[in-house]
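One-letter residues, chain by chain:
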Amino acid sequence: MGISVVEVGKRFNGFTALDQVSLAIPEGSLTALLGPSGSGKSTLLRVIAGLEQPDTGQVLLNDEDVTAMPARERGVGMVFQHYAAFKHMTVYDNVAFGLSIRRRPKAEIRKRVHELLGLVQLEGLAQRYPTQLSGGQRQRMALARALAVEPTVLLLDEPFGALDARVRTELRAWLRRLHDEVHVTTIIVTHDQEEAMEVAGQIAVLNDGRIEQVGSPRELYEQPANEFVMSFVGPVNRLGDTFVRPHDVEVLPEPDGETQEAMVERVVHLGFEVRVELVRDDGQHLLAQLTQEQAELLELERGQIVYVRPSRETVFSGGARRPDRPRSG
Amino acid sequence: MSRYLLRFSVLGYLALVLLVPVGFVFYRAFDQGAAHAWHAVTTPEALHALWLTLLIAAIAVPVNTIVGVILALALVRGRFAGRGLLNAVVDLPLAISPVIVGLGLVLLYGRGGWLGGLADDGVKILFALPGMVLATMFVSMPFVVREVVPVLREIGTEQEQAAETLGAAPFQVFRRITFPAIRGAVAYGVVLTTARAIGEFGAVSAVSGNVEGQTQTLPLYVKAQFDGFDTSGAYAASVVLALIAIAVVVSLRILQPKEH
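Chains as they are written, first to last, in my numbering: chain A, 1 to 329; chain B, 1 to 260.
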């Protein structure tokens with residue numbers, strides 16, 4: 001059940017967008033396709049929707065091979081980055097579109113549309129036109145429109161990408177709650193690792209048309225399969241062959257065993273979190289992440305000499321990952 | 001100050017090249033009295049010319065509207081070899097002098113032309129309605145395409161794809177999503193096409209034979225009256241042409257739905 005993508009390949013004019021991608025998405029889950037632009041994540045979503053035809057491989061929706069089926073018959077709900085609102089229709093008609101195409105009785109449509117407008121908190125705006133709505137409202141309308149036809153799969157293509165930061169955070173939390181209510185198998189495409197980790201139960205990281213790793217947000221962060229995943233799911237310091245997360249950089253006022261001398265270049269206060277940019281005596285730049293309390297104890301300021309050491313580091317050899325080497329304080 | 005200067009020079013230019021000449025035509029049409037003008041445009045020849053002009057427009061405009069929308073869709077959404085060439089060909093009628101178009105039709109359908117044999121089979125193209133319709137269709141072809149293409153580019157394909165995922169078949173997508181979005185552009189294209197179709201002189205003149213009461217459209221009638229020294233009759237017929245054009249523009253303005 002759910003969605004299966006089997007060895008899907010897709011090329012555009014010599015550019016490989018998807019390279020033998022296989023992915024299983026369990027029914028009822030919320031999965032994020034995470035990757036930089038050009039990694040193939042949107043293409044994969046459009047292949048699942050049927051808006052793009054793969055060159056090779058298969059797409060299965062609930063165990064049915066839909067590779068050759070046109071988008072309109074797949075029963076997917078799709079939400080686009082730029083809303084794709086039907087501009088000449090009211091909010092009501094936008095949401096009713098899929099049902100009126102299916103020639104459902106008027107009374108049934110009215111009931112369902114009002115139900116959905118309630119779900120996406122747009123009651124009272126039914127007679128507005130899309131241009132009279134804010135970006136966040138438009139995207140919620142697009143979501144109601146996609147849900148109206150009771151899709152077996154909900155596909156969201158960078159749905160919050162065009163919204164400002166605050167609305168984006170609100171809608172993420174709201175999408176999470178909505179998914180708990182509606183339970184439809186959902187895929188969200190995003191280039192924002194924070195968004196993927198906050199919303200999704202499962203994340204597939206894509207790079208150059210390939211899937212680098214699939215796992216829960218915690219697995220990706222704590223056991224990244226390779227360098228790319230490690231540096232994509234969070235900030236990282238690269239020290240030769242080893243990788244250290246900024247919060248795993250210990251900053252001490254005095255030398256202590258294996259520590260190295262470093263100079264503070266910049267201190268950025270972000271409320272509870274304090275980011276410290278350092279340069280080691282061998283010229284290596286480092287980013288350290290401290291709590292406000294730790295920073296205050298060290299009385300950090302620009303030009304100050306401190307002593308640093310990694311408390312936990314990761315080494316990848318030949319693409320494979322060796323276990324972390326946690327060090328004792 | 002310079003703003004006023006710019007404003008007045010633009011208005012002055014418009015007056016000089018547009019309003020004053022047209023105004024004089026209206027003025028001169030009635031200089032022998034309204035009765036004379038009315039008489040000039042209600043002779044059997046004038047009425048036949050009016051009817052013929054409207055008939056040609058009634059055929060050419062719908063055909064060019066439908067073909068124009070299809071061409072615009074092909075140019076914007078299609079992926080085929082020769083699209084750039086097609087794009088250039090669509091502009092040909094704007095670039096080529098209408099008389100050349102007419103002469104081209106004469107060469108094609110005339111005696112010795114590729115399709116000249118049609119006349120021997122009883123299908124009369126030249127010096128008859130079909131030839132005049134063809135000439136009119138040719139010269140008025142680009143307008144709908146040129147109005148619709150930029151709008152299609154601007155609206156993009158996301159709305160159409162959203163409709164597709166919601167279960168709409170290709171024709172439903174066109175009828176319910178694409179057409180409402182381009183309706184304004186199509187309407188404006190229809191106005192321009194109609195204006196061009198009823199006003200065309202050169203191309204029609206080359207293929208019509210210009211037989212009074214048979215193959216004479218209103219612009220040809222105006223020219224014939226003018227050449228026959230019935231200037232006020234020519235001006236009166238011109239006024240009729242101008243009024244038709246104004247009526248087309250106004251009626252489409254009224255019919256066009258308000259934008260949201």
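Read the hints as simulated data drawn from the structure, not as lab findings.
Be careful, since some hints might not be right.
[Said to hold, decoys possible] Pairwise CB distance ranges, derived in the manner of DEER restraints:
| no. | chain 1 | residue 1 | chain 2 | residue 2 | range |
| --- | --- | --- | --- | --- | --- |
| 1 | B | Thr157 | A | Leu252 | 37 to 47 Å |
| 2 | B | Phe80 | A | Val268 | 53 to 63 Å |
| 3 | B | Gly117 | A | Thr67 | 49 to 59 Å |
| 4 | A | Phe12 | B | Val250 | 44 to 54 Å |
| 5 | A | Thr16 | B | Gly117 | 12 to 22 Å |
[To be verified] If we take Cβ atoms under 8 Å as the criterion, some of the chain A residues that face chain B in the derived model are:
| no. | residue |
| --- | --- |
| 6 | Leu51 |
| 7 | Val76 |
| 8 | His82 |
| 9 | His88 |
Where a beta carbon is used, it is the ideal one built from N, C-alpha and C, also for glycine.
We went through each hint and held it up to the structure:
A hinted range of 37 to 47 Å is violated for the C-beta pair B:Thr157 and A:Leu252, which are about 58 Å apart. Checking the proposed 53 to 63 Å range against B:Phe80 and A:Val268 shows it holds: the Cβ atoms sit about 54 Å from each other. Separation of B:Gly117 from A:Thr67 is about 52 Å and conforms to the stated range, judged on CB atoms against 49 to 59 Å. With their beta carbons about 48 Å apart, A:Phe12 and B:Val250 fall inside the hinted range of 44 to 54 Å.
For A:Thr16 and B:Gly117, the hinted distance range of 12 to 22 Å is not satisfied, since their beta carbons lie about 56 Å from each other. Look at A:Leu51: its Cβ gets to within about 5 Å of chain B, closer than 8 Å, so that hint holds up. Because the beta carbon of A:Val76 sits about 6 Å from the nearest beta carbon in chain B, less than 8 Å, this interface hint is met. Because the beta carbon of A:His82 sits about 6 Å from the nearest beta carbon in chain B, less than 8 Å, this interface hint is met.
A least Cβ separation of about 4 Å between A:His88 and chain B falls short of the 8 Å threshold, and the interface hint therefore holds.
Of the hints listed earlier, those the structure fails to meet are numbers 1 and 5, in rising order.
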